[in-house]
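S.K.: For reference, the chains in residue letters:
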Amino acid sequence: MKAKKILTGILKYLILIFAVFCALVPLVSCVITAFKTDAEYQNTSVMTLPENWFYFDNFRIAWQKADMGKAFLNTLTVLVCVISGSILISAMLAYVLNRFRFVGNALIRGLFMIASLIPGIASQVTVYQIMNHLHLINSLGGYIFLMLGTDVISIYIFLQFFENLSPSLDEAAILDGCNYFGVFFRILLPLLKPAIVTSAILKGVATYNEYYMANLYLQDKNRFQTVSTSLFTFTGPMGSQYQYICAGVILTIIPPLLIFLFCQKQIYSGISSGAVKE
Amino acid sequence: MTANMKALSGTEKSQNRILKFWNSMRNQQMIVTVTFLLIPLGLLFLFTYLPFFKMVEFSFYDMKYIGERKWVGLQNYIDVFTRKDCFDALKLSLYYMAGSVVQLSLALLFAVLLTENTKCRNFFRGALYFPCLVGGIAVGFIFKFFFTHGFILDSILMCFGADLEMLPFWLKDTNINNWVLVAVSVWRYMGQNMVLFIGALASVDSTMYEAAEIDGANAWQKFWYITFPSIRTIIILNLILAVSGSLSSFEMPYVITGGGFGTSTYFVLTDHLAHTNQKVGLASAMSVILLMLILLVTGVQKLAEKKLNQH
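Taken in order, these protein sequences are the chains called H and Z.
Numbered continuously in the numbering used here, the first sequence closes out at residue 278.
Numbered continuously in the numbering used here, the second sequence closes out at residue 311.
Same shape as in the complex, but just chain H:
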């Protein structure tokens, strides 16, 4: 009995270690290549470790070639606007839907639910025309405006949070002479902090990694490239210089890695709460 237990224990860890190996090898091999000099890259096997772990030239070259300084600045602008905007919008929507009974409440919930089913890529054919009509192509503001749109996951996170905030809070504040705007901005919004952090992280990571619409609507790559589209620089003539490509890829992965290391809890809880729609 005891031997069997030890055996299953060993098997369990073997499976887990193998899985982690599969999950990390593609990433680790990228890190290894990013630290190799040109000569090393050409002459050694891809799996040999670099001689000098402090060789940062590839990162410097990748940073310059892809103009990542500008890309990070653009992405930062987009992130700040999209995160704050979408949180405010989703929280306001969730507040009204949760606290007030009115004709159309269920209808609006339904409309957002159905909207979440429409894959974003499918409707870009016509969204493109609308954006073109509004003169929002090749404008960072236009891209931000588009990204602010329906964020059903944040809406659900906030709706769930409001369910657990007693309405007696609102009533007490109103009896003290607060109006509904005050109730939302001064009483409830500060209490929403955990939900705000969670949806900010999820929305932030999604926006940071978004490339399809950034590529489609920010066509002037010299001025408007974001971090994810900046990697497109490495296609074409540079398509086989993997020491630079890997360095560029690593540079773009560092921010989400840091967020992940510091906010694991919020990410995990966000996935669970975003998943139980309705």
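If you're looking for bench data, these hints aren't it; they were derived computationally from the structure.
One should not assume that every hint holds.
One side only, chain Z facing chain H, incomplete, derived with CB under 8 Å [what the hints assert, rightly or not]:
id, residue
1, Phe58
2, Phe145
3, Phe146
4, Ala274
Residues from chain H that face chain Z, not an exhaustive set, calculated with beta carbons under 8 Å [unchecked claim]:
id, residue
5, Tyr41
6, Ile137
7, Ser139
Beta carbons: idealized from backbone N, C-alpha and C, even for Gly.
Please build the complex by placing chain Z on the supplied structure of chain H, with the hints as guidance.
M.R.: Here is chain Z on its own, set in the frame of chain H:
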């Protein structure tokens, strides 16, 4: 409005005034409702429903982005079902469906392994989840590099004695390249399901396991008779969700092969037809058809949810 209400709330509570007070509260609620709904509903209309209705309209025309358009009735829809490339693309979804079954099984396996008292749980969970956070373009480059002939994967296999001459071109060989892309898709999204399942497993009553242990149940029996029934609902819902996910799979072939070598899924093809060939009408019809399929699958999901909640 606000000042009025404040003044009223502070005054004597005669019957009449209370009535007025409530009336003004109703009004205020209405104003808040309208202002708070204006922006989200405006955006929802502008970027989701207006495009959708326009898409339905476009699907009846033969048109490009600019220039004349010609009403063709249902011709685009007929084309979708008769063109070989559309049909082939739809068939590719089957690969991704098979992949998502594997993905969910693996996610469940790791979720179960990680809920027992496993050492370094957080590390294992983190390492398996992290691929979900890597951006699509980065994933594309990482795996182009990974699968290039003679590079990472081939070197690993050569360590185990494989011969480079015998190894296939992973992304170009049409016999296997779709499976390779499905594998990458599993690599990328498995962690998401795993974290979800871990959350679900945490809510299973732990005293049941203790009771089972006293009765001498082994690990498999505990899983089959306690764990599985408790999280059956979430598993089935995820399976159905995986079907609509497979129908709309896009990212992996788009960033890794660009849809070349017979890996063009339905959406990659739609994107190509719309933006490269400018067959806007046909692409719209394809999107409408796929959306109908997804709505159908979601309808089944809702039904299943109701059925499962009754039990």
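S.K.: Are the hints correct? Go through all of them and say.
M.R.: Hints, one by one, checked against the model:
Given hint, Phe58 of chain Z at the interface with chain H, holds; its Cβ is 7 Å from that chain's nearest Cβ, closer than 8 Å. Hint on Phe145 of chain Z holds. Least Cβ distance to chain H is approximately 5 Å, under the 8 Å limit. Given hint, Phe146 of chain Z at the interface with chain H, holds; its Cβ is 5 Å from that chain's nearest Cβ, closer than 8 Å. Among the interface hints, the one on Ala274 of chain Z holds; its C-beta lies about 5 Å from the nearest C-beta in chain H, closer than the 8 Å criterion.
Because the smallest distance between the Cβ of Tyr41 of chain H and any Cβ of chain Z comes to about 11 Å, over 8 Å, the interface hint for this residue is violated. This hint is violated: Ile137 of chain H has a C-beta 12 Å from the nearest C-beta of chain Z, more than the 8 Å allowed. Of the supplied interface hints, the one on Ser139 of chain H is violated, with its beta-carbon coming no nearer than about 15 Å to a beta-carbon of chain Z, more than 8 Å.
Going down the numbered hints, you'll see the structure goes against 5, 6 and 7, while the others check out.
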